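K.L.:
As they're listed, the protein sequences go chains A and B.
So for the first sequence, the numbering used here puts the first residue at 1; every next one is plus one.
So for the second sequence, the numbering used here puts the first residue at 115; every next one is plus one.
The set of hints was computed from the structure by calculation and includes no laboratory data.
Values in this document were obtained by computation on a predicted structure and should not be read as measured data.
Treat the hints with caution; some may be incorrect.
Think about it this way: if two alpha-carbon atoms lie no more than 25 Å apart in a straight line, the pair counts; the simulated PhoX-like pairs of lysine-lysine are [to be verified]:
| id | chain 1 | residue 1 | chain 2 | residue 2 |
| --- | --- | --- | --- | --- |
| 1 | A | 109 | A | 42 |
| 2 | A | 5 | B | 125 |
| 3 | A | 106 | B | 131 |
Here's a subset of chain A near chain B, in silico, CB distances under 8 Å, partners left out [what the hints assert, rightly or not]:
| id | residue |
| --- | --- |
| 4 | 82 |
| 5 | 83 |
| 6 | 101 |
| 7 | 104 |
| 8 | 106 |
| 9 | 107 |
Backbone N, C-alpha and C fix where the C-beta goes; we use that ideal spot for every residue, glycine too.
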Amino acid sequence: QQQVKQSPQSLIVQKGGISIINCAYENTAFDYFPWYQQFPGKGPALLIAIRPDVSEKKEGRFTISFNKSAKQFSLHIMDSQPGDSATYFCAASFGGGSQGNLIFGKGTKLSVKP
Amino acid sequence: GAGVSQSPSNKVTEKGKDVELRCDPISGHTALYWYRQSLGQGLEFLIYFQGNSAPDKSGLPSDRFSAERTGGSVSTLTIQRTQQEDSAVYLCASSLVWDGSYEQYFGPGTRLTVT
Numbered sequence: 001q002q003q004v005k006q007s008p009q010s011l012i013v014q015k016g017g018i019s020i021i022n023c024a025y026e027n028t029a030f031d032y033f034p035w036y037q038q039f040p041g042k043g044p045a046l047l048i049a050i051r052p053d054v055s056e057k058k059e060g061r062f063t064i065s066f067n068k069s070a071k072q073f074s075l076h077i078m079d080s081q082p083g084d085s086a087t088y089f090c091a092a093s094f095g096g097g098s099q100g101n102l103i104f105g106k107g108t109k110l111s112v113k114p
Numbered sequence: 115g116a117g118v119s120q121s122p123s124n125k126v127t128e129k130g131k132d133v134e135l136r137c138d139p140i141s142g143h144t145a146l147y148w149y150r151q152s153l154g155q156g157l158e159f160l161i162y163f164q165g166n167s168a169p170d171k172s173g174l175p176s177d178r179f180s181a182e183r184t185g186g187s188v189s190t191l192t193i194q195r196t197q198q199e200d201s202a203v204y205l206c207a208s209s210l211v212w213d214g215s216y217e218q219y220f221g222p223g224t225r226l227t228v229t
């Protein structure tokens, strides 16, 4: 049972364009939704995260949009740059001390063409 | 400061052999996690440790997998009688506390290849 579904598997965007990655979750008890960025040969690193009490969070060129009723959230990368080329993972967890591990989507490989 | 370190970075082993993978978390982090990353499968939770509490082993795929954490710091993941399907990158992460909303800092991983 896949608790977090991520799409697309891969994405090619032109420099300056908008990259959009979508995730859907099943368990309504999740209350913390981070996005991790991973470069080849490196471990994932936290990019941005959101809790379900807000519908949007923006940090620089990165924005999370959250739709609680639809159980969906998405990552938008504005003005995409070649340096953003990486694999992106959405995740969910039961924050608040009940369980510490993250449940990840299968990842999206983003390529930004110059 | 120093991040999460893992050793070895690469490990090639023959089917049926035992392997040990090591993780050094960030100093002061009480929570430590092991994940497995297989091609096309994302990151799969294996086990986590919080302080001196009993570990959550709910993600371990079989009884060939085990892990320990000594002195609340270094952790070792052991895979006995390795199988080809165990080939993957094994990632360790640590966080300040075990609350799922605290940032988890990942190490670079150990790439395990079972031949």
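K.L.:
With reference to the structure, classify each hint as holding or not holding.
P.N.:
Consistency of the hints with the structure:
1. The hinted pair formed by residue 109 of chain A and residue 42 of chain A meets the criterion: a straight-line CA distance of about 14 Å does not exceed 25 Å.
2. The hinted pair formed by residue 5 of chain A and residue 125 of chain B fails the criterion: a straight-line CA distance of about 31 Å is larger than 25 Å.
3. Our distance criterion of 25 Å between C-alpha atoms is broken by residue 106 of chain A and residue 131 of chain B, whose separation comes to about 29 Å.
4. The criterion of a C-beta within 8 Å of any C-beta in chain B is not met by residue 82 of chain A, whose closest approach is roughly 22 Å, and the hint is violated.
5. For the restraint placing residue 83 of chain A at the interface with chain B, the shortest Cβ-Cβ distance is roughly 19 Å, beyond the 8 Å limit, so the hint is violated.
6. At a threshold of 8 Å, the smallest CB-CB gap from residue 101 of chain A to chain B is about 4 Å, leaving the interface hint in force.
7. The criterion of a C-beta within 8 Å of any C-beta in chain B is met by residue 104 of chain A, whose closest approach is roughly 4 Å, and the hint holds.
8. A cut of 8 Å between beta carbons decides the hint on residue 106 of chain A: the least distance to chain B is about 4 Å, and the hint holds.
9. At a threshold of 8 Å, the smallest CB-CB gap from residue 107 of chain A to chain B is about 5 Å, leaving the interface hint in force.
Going down the numbered hints, you'll see the structure goes against 2, 3, 4 and 5, while the others check out.
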